[in-house]
Every structure is written in structure tokens, then in C-alpha cells.
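Participant: Below, each chain spelled out in residue letters.
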Amino acid sequence: MSAPIIRVENLGKKYLLRHKEAGPRYRALRDVLATGVKTGFGLFGRTGESSTEEFWALKDVSFDVNEGEVVGIIGRNGAGKSTLLKVLSRITEPTAGRVTLNGRVASLLEVGTGFHPELTGRENIYLNGTILGMRRAEIARKFDEIVAFAEVEKFLDTPVKRYSSGMYVRLAFAVAAHLEPEILVVDEVLAVGDAAFQKKCLGKMNEVAKGGRTVLFVSHNMGVMQQLCGTAVLLDAGRVRVAADTPTAVNEYLATAASGAEYRRPRPGAKPIWVDRATVDVVEDADGCRLNVTTEVVSDRAKSVSLDIRVFDAVGVAVAFAPVGSFDHSREIPLTPGRTRVCSSHDAGSLATGVYFLSVDIADPTVGYFDRVEQALRFEVHVPPAGGNYRRLQQAWGYGNVELPYREHRVEGPSAGVGA
Amino acid sequence: MTEPLAPAPALPRHKVILEPGRADRRYWYDLWVYRELLLQLARRDVAVHYKQTVIGGLWAVVRPLVTVVILTVVFSRVAKLDADGGVWYPLYVLAAMIPWQLFAAVLGESSNSLVNNANLVSKVYFPRMLVPLSSVGVPLVDLAVMVPILAVLMAYAGVAPPWQVVFAPLFLLFALVTALGFGLALCSLNVKYRDVRYVIPFILQFGVYLSPIGYATSKVPAEYQLAYHLNPMVFAIDGMRWSLLGVGDPFAGGGWAVSVAVTLIAGVVGVRYFRATEKTFADVI
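Quick mapping for you: the protein sequence lines, in order, are chains A and B. Be aware that the first sequence starts at 1, since it is given in the numbering used here, and climbs by one per residue. Be aware that the second sequence starts at 421, since it is given in the numbering used here, and climbs by one per residue.
Keep in mind that the hints are not guaranteed to be accurate.
[What the hints assert, rightly or not] Lysine to aspartate or glutamate pairs mimicking DMTMM-like chemistry, simulated, CA-CA at most 20 angstroms apart:
#, chain 1, residue 1, chain 2, residue 2
1, B, Lys471, A, Glu69
2, A, Lys142, A, Glu118
3, B, Lys435, A, Asp308
4, A, Lys59, B, Glu439
5, B, Lys435, A, Glu54
6, B, Lys612, A, Glu138
7, B, Lys543, B, Asp669
8, B, Lys543, A, Glu180
9, A, Lys59, A, Glu9
10, B, Lys435, A, Glu145
11, A, Lys142, A, Glu67
12, A, Lys14, B, Asp703
13, B, Lys543, A, Glu69
14, B, Lys543, A, Glu67
15, B, Lys435, A, Glu110
16, B, Lys612, A, Glu53
17, A, Lys142, B, Asp504
18, B, Lys543, A, Glu182
19, A, Lys14, A, Asp60
20, A, Lys14, B, Glu456
21, A, Lys303, A, Glu207
22, B, Lys699, A, Glu93
23, A, Lys59, B, Asp703
24, A, Lys142, A, Glu153
25, B, Lys543, A, Glu9
26, B, Lys435, A, Glu180
27, B, Lys639, B, Asp504
28, A, Lys199, A, Glu151
29, B, Lys699, A, Glu54
30, A, Lys59, A, Glu69
31, B, Lys471, A, Glu110
32, A, Lys271, A, Glu182
33, A, Lys14, A, Glu54
34, B, Lys435, A, Glu118
35, B, Lys435, A, Asp64
36, A, Lys200, A, Asp144
37, A, Lys142, A, Glu182
38, A, Lys271, A, Asp157
39, A, Lys271, B, Glu456
40, A, Lys210, A, Glu54
The set of hints was computed from the structure by calculation and includes no laboratory data. Keep in mind it's a predicted model, so treat the numbers as computed, not measured.
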């Protein structure tokens with residue numbers, strides 16, 4: 001195997017940003033006619049262009065992937081990971097450079113692309129499989145295997161709109177897992193389903209990789225990344241920062257991922273509701289250790305949402321979850337059109353000392369996410385300066401990241417009765 | 421020792437080069453490779469179309485029949501127009517409704533097809549033209565439902581199909597190609613300008629009166645005949661009446677050449693505009 005299976009050379013992708021915050025992404029003919037009239041439809045010189053700005057989502061990206069490699073793509077939000085996957089999977093065309101793919105590509109950018117809620121599980125397996133590039137005969141051959149993997153035998157002839165969300169995701173992943181392309185492009189689909197199913201999916205991915213196929217995999221889960229990928233490409237602001245073995249790339253990512261206690265969105269979001277700014281502050285005093293998080297959310301509508309704060313340790317493993325409104329709906333946050341600032345405070349006294357990263361999500365509770373800002377913030381828990389006479393759990397020990405709050409203890413046995 | 425598995429047959433490696441503005445020389449071949457997806461998408465649309473309706477597929481019959489009744493009342497009874505060759509008026513209208521329904525449904529479905537399948541377009545690669553092409557599924561099924569009804573009405577009116585009935589499929593194909601030509605251009609425009617969604621019903625509403633559905637083409641004054649044939653459906657409808665009922669002459673006056681030219685131009689422009697814009701669909705939709 002001499003030639004690499006994927007060769008990316010000086011790849012660039014440019015978008016034109018229109019400076020009209022939170023405007024619709026599509027245009028109405030009216031807008032075109034209006035600007036056309038203002039500028040004399042281009043007959044009297046060009047004037048209306050000042051409102052757009054060029055933005056390079058990818059710039060001079062070059063790397064090679066050899067056959068059979070499992071390569072992780074990592075980077076902060078907006079680093080260009082999704083754009084890279086879209087170019088590689090031929091959904092969008094590059095603006096500059098060249099990609100050579102020596103094999104068929106199947107991309108899995110979303111779980112259940114093309115699933116139709118009215119169709120039955122059986123019909124959706126065929127539909128989704130064909131959309132992902134499988135032949136009908138191939139699907140028929142693997143049908144039983146797919147159904148068994150998804151554990152939906154009893155519901156094959158039920159419309160998927162009656163499925164639980166877990167069943168839906170299992171079925172969708174099962175179809176995708178049975179693809180046999182030479183190159184598989186996967187975007188963070190493992191962030192779904194229950195733990196047991198996630199484990200199964202990881203096993204399947206490992207199997208795919210061992211079968212000699214090439215996998216490109218995007219995830220924010222550094223633990224999974226290290227487990228699955230031999231090498232990784234770290235993107236930063238559309239450029240390749242590091243392309244090396246996974247531990248090196250992950251360390252570089254974590255060293256720079258969230259350098260500070262403040263996150264600002266680099267450019268306006270294309271979503272209806274998005275996190276524009278977030279800060280974290282660790283307060284350690286006689287009362288214990290508190291995490292104060294401030295989140296500024298921009299919305300185009302009035303909507304009741306929940307705020308999910310996820311905490312990761314220094315190697316990127318999820319260790320804690322701090323929901324506001326997700327479990328207790330009385331705590332949901334009523335957004336109004338415009339900017340809303342949410343200040344929340346969480347007891348962090350049981351966290352081990354060390355470095356942590358925070359992700360902030362805005363969700364429609366139990367429905368879906370509006371915006372997820374991955375590992376945008378970094379904070380550190382220290383040993384309390386005047387810490388009394390106790391030692392505190394340290395991340396570096398490897399004993400875990402949470403010290404369970406102490407409740408009580410009793411001593412029973414022969415010695416217990418001595419004093420009595 | 422077990423036999424080692426036979427190695428998979430060595431298929432020629434599928435090599436793809438992605439570059440800005442690179443014309444995809446394999447485009448039409450790819451379209452053929454993805455033909456199963458075309459069928460699946462059409463099948464999905466058909467399966468979903470009449471879900472959660474009480475009378476289901478009967479809608480395919482009820483809507484055109486009600487239109488036939490209304491047009492018969494308006495044009496035959498109120499306006500006192502008569503059909504070519506003294507054909508029973510409802511039958512005369514129905515022969516025109518069949519190609520018109522096909523045209524209207526294909527145009528409407530295909531123009532909105534890309535926007536309705538935005539999730540596919542922004543998440544998976546396949547030749548984009550499959551999406552508008554697959555939207556012919558539902559109209560073709562509706563057509564298949566109408567044909568026996570036409571046969572029954574013809575039997576009731578005592579009309580035997582003339583020899584030229586063998587050409588009827590060609591006129592239907594002409595209506596289909598016309599609708600797809602306009603549909604390809606309109607669906608790519610719709611990706612960027614959602615106005616299209618509101619323009620289509622408007623066009624179709626007028627089209628019923630600008631096409632010879634409730635009346636005969638011969639009722640249009642001679643000096644307007646060529647201009648009238650700029651609407652390619654005039655030729656398609658006259659052709660259907662001629663081949664099904666043996667009345668009129670779709671080739672009289674040379675207007676048919678205007679209709680055919682309009683359809684060919686629409687087809688070429690539609691395909692070219694679609695291919696020129698399809699690479700940006702995922703960025704804009």
C-alpha cells in the first residue's frame with residue numbers, strides 16, 4: 001500500500017458571511033430586487049458588497065491518511081471539523097486545493113439521515129441503507145443482522161414515529177454500522193444512545209477498523225478518541241495545527257482547547273438559539289467550592305430552554321453533569337428574543353483537584369439541542385489555601401475525579417463494644 | 421485448518437478527485453449507479469403521500485373528477501361552449517385533465533423537492549438531480565389510478581379509442597418532460613429564493629385557464645394561436661384529445677413547433693441551471 005487512500009492538499013473552503021445578525025439563511029427575491037434597485041442592478045457600479053465578509057472555514061489543510069488507519073479529527077468549536085467532513089463526503093465543494101480519495105466513501109454525519117417517521121422500521125432500513133449508498137440486494141442480505149444489532153425485531157412493522165428515541169437511534173446506527181465502504185467518515189454519532197449501546201457501537205467501530213477499512217472520526221470525547229484512533233489531526237481556526245499520533249494531538253488539544261475562563265463565539269451562529277458568551281469562575285472559601293457559570297444566550301424567539309453544563313477531566317473524560325432545567329422542569333429558563341444572561345452556581349466541593357473543561361449546551365428539554373459548545377471553558381480546582389487538616393482527592397492519582405460526599409460511618413465488630 | 425476466505429473480487433478502485441469547479445465527468449454515470457435511490461425516494465413519497473387521510477388514494481380520483489364537473493358546468497353550461505367533434509363534454513375535459521394533472525403535480529412536487537429533502541442534501545452525497553426526478557413517483561401513481569376511470573367514462577359515452585391511441589404515452593411523456601424542465605430550474609431557485617414556493621400554486625391556478633382544458637384550442641382567435649402555443653401544455657392536451665378521442669388536430673397551424681421548442685429550451689436551461697447551482701445547495705439550503 002504505497003499511495004495514501006486519502007490525500008488532502010492545500011484544501012480551502014470559503015464562505016461569504018453576510019453581516020445581518022440572525023437573518024434567515026435563505027434569501028427572498030425581494031431582498032435581491034431591493035439591493036438590485038439600490039445598485040442599479042450592477043449597471044451603475046458595485047456598491048452593495050460591503051455587507052459581506054469572506055470567511056475561510058478551512059485554509060491550507062494538508063494531510064495523508066493511509067489505508068486501514070483510524071484517524072481522529074479534533075479541534076474546538078468552529079475549528080473547521082464539520083466543514084472538512086462535508087468536503088470529504090462530497091456534500092460541499094472545496095474553494096481551493098484538492099482531495100484525492102482512492103475508494104468509496106460513506107459518511108455518517110448524522111444518525112438516521114432520511115428516516116421518515118411515517119414509514120415502518122423495515123421500510124426505513126431499506127430507505128436509509130440506500131441513502132447511505134448500499135445496494136438493495138446488500139441490504140436484504142444483511143437485513144437480519146441489522147435488525148438483531150438494533151434489537152427491534154418486534155417493532156419492524158411499526159412506524160418509527162412510535163419508536164422510543166433509544167430504539168430510533170439504535171436502528172439508525174445499526175444500518176450505518178453495516179456499511180462496507182473503503183472509507184468511513186463519522187461525525188460524533190456515538191454521543192447518542194444509552195451506555196450499553198454506546199459500548200456496542202464502539203465495539204463495532206473497532207471491528208470496522210480491524211477489518212482494514214479506513215475511518216475518519218470526529219469527536220470531543222478524548223477518551224474514545226484515544227481508544228479508537230491511532231493518529232489524529234488537530235484543527236485550529238481552519239488550519240492543521242498538529243497531525244500526529246493521538247496522545248500527542250490530544251495533549252496539544254487539551255493544552256490549548258480552552259485556555260481560559262471565558263468563551264466568546266467567534267462568529268454569529270446560524271441557529272435560532274445559540275450561546276454567544278460563557279464564563280466560569282471557581283470560588284473557594286470557607287463554604288466550600290462553588291462553580292459560578294455565566295452563559296449569554298442569543299435567541300430569535302421566546303422559548304423555555306434548559307442549560308446543560310457538562311464537566312470533563314484533564315484527559316477529556318466526562319465526569320459530571322450540572323443541569324439547569326433538564327431534569328427539573330421548574331428550573332427551565334424562559335428566553336425572550338434577544339440576549340439573555342443566565343448565572344448559575346453549582347457545588348463543586350466533591351471534585352478532585354486538577355484541571356477541568358466545561359461544555360455548555362442549550363436544549364429544548366427532552367427534544368433536542370439548539371446549540372452545544374464543546375469544552376469551551378477551562379477551570380482548575382485547587383487544594384484550599386487554608387484547607388484545615390484534610391487532604392483533597394487529586395485527579396493525578398487516578399483514584400477517580402469525584403469524592404463522594406461523606407454521610408456517616410459506624411464501626412461494628414469486637415472492638416465496637418469495648419467502650420460500652 | 422479451515423479454508424481461508426476467498427478474497428473479495430478486486431473491483432476497480434473508485435478514485436474521486438475533489439477540486440473547485442471540477443466538472444464531474446461521471447455525473448450521468450453516477451445518476452445511473454444511484455438508480456436504486458431514485459426508486460426508494462419515489463417509493464417513500466408514494467408510501468407517505470396518503471398516510472393519515474381517511475379516503476387515501478381516492479383523493480387521486482376525487483380532485484380531478486370534481487374539477488371536471490366544475491369546468492363542464494362553467495364552460496359547457498354557463499359559457500355555452502361546445503367540444504370538438506361533439507364529444508360528451510365531461511369526457512372532453514377529462515382527456516385534458518389527465519396530462520394537466522400530471523404536469524401540475526410534477527411541477528409542484530419537483531419545485532419543492534429539494535427544500536423538502538434539505539436534511540438529505542446537507543448530510544449525504546448523491547447526485548442531487550435524483551431528488552426532483554424522484555418526485556414523479558406520486559403523480560405517476562395518481563395517473564395510473566385515473567386511466568381506468570377514463571376507460572369507464574369512455575365506455576359509458578360509447579367512444580372507442582382511435583388508432584392513434586398508441587401515441588397517448590408520448591404526449592404524457594411530453595407533459596412530464598415539460599414539467600421536469602421547469603421543475604429543475606424552479607427547485608434550484610427555490611433553494612435560494614423561497615418565493616418559488618408561493619409562485620407555483622399561482623402559476624398552476626392560472627394555467628388551468630391558459631390551457632385548453634375547459635375549452636377547445638380552436639376557440640382561440642387565429643392571430644393568437646402561435647402565442648397561445650408558447651404554453652407547451654396546449655400541445656400536450658391537444659395531443660391527448662386527438663389520441664384518446666380522435667378529435668382536433670394537434671399539428672394544425674404549426675403551433676406545435678412552438679410548444680416543442682419551449683419544452684426543449686426549458687429542459688436544457690433547467691438541467692444546466694441545476695448543474696451549475698447544485699454544488700452550493702448544501703451551503704445555502
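Participant: Now tell me, hint by hint, if it's right for this structure.
Facilitator: Results for each hint:
The straight-line distance between the Cα atoms of Lys471 (chain B) and Glu69 (chain A) is roughly 46 angstroms, outside the 20 angstroms bound, and the hint therefore fails. The straight-line distance between the Cα atoms of Lys142 (chain A) and Glu118 (chain A) is roughly 23 angstroms, outside the 20 angstroms bound, and the hint therefore fails. For the given pair, Lys435 (chain B) sits about 44 angstroms from Asp308 (chain A) by alpha-carbon distance, which is inconsistent with the 20 angstroms threshold. Under the criterion of a C-alpha separation no larger than 20 angstroms, the hint pairing Lys59 (chain A) with Glu439 (chain B) is consistent with the structure, at around 14 angstroms.
At most 20 angstroms may separate the alpha-carbon atoms for a hinted pair to count; Lys435 (chain B) and Glu54 (chain A) exceed this at roughly 31 angstroms. Between Lys612 (chain B) and Glu138 (chain A) the alpha-carbon distance is near 37 angstroms, which puts this suggested pair outside the 20 angstroms criterion. Between Lys543 (chain B) and Asp669 (chain B), the direct Cα distance comes to roughly 50 angstroms. Violation of the 20 angstroms bound is thereby established for this hinted pair. A C-alpha spacing of about 18 angstroms is found between Lys543 (chain B) and Glu180 (chain A), which places the hinted pair at or below 20 angstroms, so the restraint holds.
For the given pair, Lys59 (chain A) sits about 10 angstroms from Glu9 (chain A) by alpha-carbon distance, which is consistent with the 20 angstroms threshold. For the hint linking Lys435 (chain B) to Glu145 (chain A), the alpha-carbon distance of about 30 angstroms lies beyond 20 angstroms, and the restraint is violated. For the given pair, Lys142 (chain A) sits about 25 angstroms from Glu67 (chain A) by alpha-carbon distance, which is inconsistent with the 20 angstroms threshold. Distance hint between Lys14 (chain A) and Asp703 (chain B) is fulfilled; the C-alpha atoms sit about 11 angstroms from each other, no more than 20 angstroms.
Straight-line distance between C-alpha atoms of Lys543 (chain B) and Glu69 (chain A) comes to about 24 angstroms, which puts the hinted pair past the 20 angstroms bound. Between Lys543 (chain B) and Glu67 (chain A), the direct Cα distance comes to roughly 24 angstroms. Violation of the 20 angstroms bound is thereby established for this hinted pair. At most 20 angstroms may separate the alpha-carbon atoms for a hinted pair to count; Lys435 (chain B) and Glu110 (chain A) exceed this at roughly 25 angstroms. Proposed proximity of Lys612 (chain B) and Glu53 (chain A) is supported: the alpha carbons are some 19 angstroms apart, at most 20 angstroms.
Taken as a hint, the Lys142 (chain A) and Asp504 (chain B) pair is broken in the structure, with Cα atoms around 59 angstroms apart against an allowance of 20 angstroms. A threshold of 20 angstroms between alpha carbons decides the hint, and for Lys543 (chain B) with Glu182 (chain A) the separation of about 19 angstroms falls inside it, so the pair holds. Proposed proximity of Lys14 (chain A) and Asp60 (chain A) is supported: the alpha carbons are some 11 angstroms apart, at most 20 angstroms. Of the pairs offered as hints, the one joining Lys14 (chain A) and Glu456 (chain B) is violated, with about 34 angstroms between alpha carbons and a cut-off of 20 angstroms exceeded.
A C-alpha spacing of about 43 angstroms is found between Lys303 (chain A) and Glu207 (chain A), which places the hinted pair above 20 angstroms, so the restraint is violated. Taking the CA atoms of Lys699 (chain B) and Glu93 (chain A), the gap is about 6 angstroms. The hint holds against a cut of 20 angstroms. Restraint check for Lys59 (chain A) and Asp703 (chain B): the C-alpha separation of about 17 angstroms stays at or below 20 angstroms, so the hint holds. Between Lys142 (chain A) and Glu153 (chain A), the direct Cα distance comes to roughly 14 angstroms. Compliance with the 20 angstroms bound is thereby established for this hinted pair.
The suggested pairing of Lys543 (chain B) with Glu9 (chain A) is violated, with an alpha-carbon distance near 23 angstroms, which exceeds 20 angstroms. The straight-line distance between the Cα atoms of Lys435 (chain B) and Glu180 (chain A) is roughly 16 angstroms, inside the 20 angstroms bound, and the hint therefore holds. For the proposed pair Lys639 (chain B) and Asp504 (chain B), the alpha carbon gap of about 10 angstroms is at most 20 angstroms, so the pair holds. As the CA atoms of Lys199 (chain A) and Glu151 (chain A) are separated by approximately 15 angstroms, the hinted pair is consistent with the 20 angstroms bound.
Taking the CA atoms of Lys699 (chain B) and Glu54 (chain A), the gap is near 18 angstroms; set against the 20 angstroms cutoff, the hint holds. The hinted pair formed by Lys59 (chain A) and Glu69 (chain A) fails the criterion: a straight-line CA distance of about 24 angstroms is larger than 20 angstroms. As the CA atoms of Lys471 (chain B) and Glu110 (chain A) are separated by approximately 26 angstroms, the hinted pair breaks the 20 angstroms bound. For the suggested pair Lys271 (chain A) and Glu182 (chain A), the alpha carbons sit about 34 angstroms apart, so the restraint of at most 20 angstroms is broken.
A distance of roughly 7 angstroms separates the Cα atoms of Lys14 (chain A) and Glu54 (chain A); the hinted pair therefore holds under the 20 angstroms criterion. Restraint check: the Cα-Cα separation between Lys435 (chain B) and Glu118 (chain A) comes to about 37 angstroms, which exceeds 20 angstroms; the hinted pair is violated. Distance restraint check for Lys435 (chain B) and Asp64 (chain A): the Cα-Cα separation of roughly 15 angstroms lies within the 20 angstroms cut-off, and the hinted pair is therefore satisfied. Proposed proximity of Lys200 (chain A) and Asp144 (chain A) is supported: the alpha carbons are some 17 angstroms apart, at most 20 angstroms.
A threshold of 20 angstroms between alpha carbons decides the hint, and for Lys142 (chain A) with Glu182 (chain A) the separation of about 18 angstroms falls inside it, so the pair holds. Distance hint between Lys271 (chain A) and Asp157 (chain A) is unfulfilled; the C-alpha atoms sit about 35 angstroms from each other, more than 20 angstroms. Of the pairs offered as hints, the one joining Lys271 (chain A) and Glu456 (chain B) is violated, with about 34 angstroms between alpha carbons and a cut-off of 20 angstroms exceeded. Of the pairs offered as hints, the one joining Lys210 (chain A) and Glu54 (chain A) is violated, with about 42 angstroms between alpha carbons and a cut-off of 20 angstroms exceeded.
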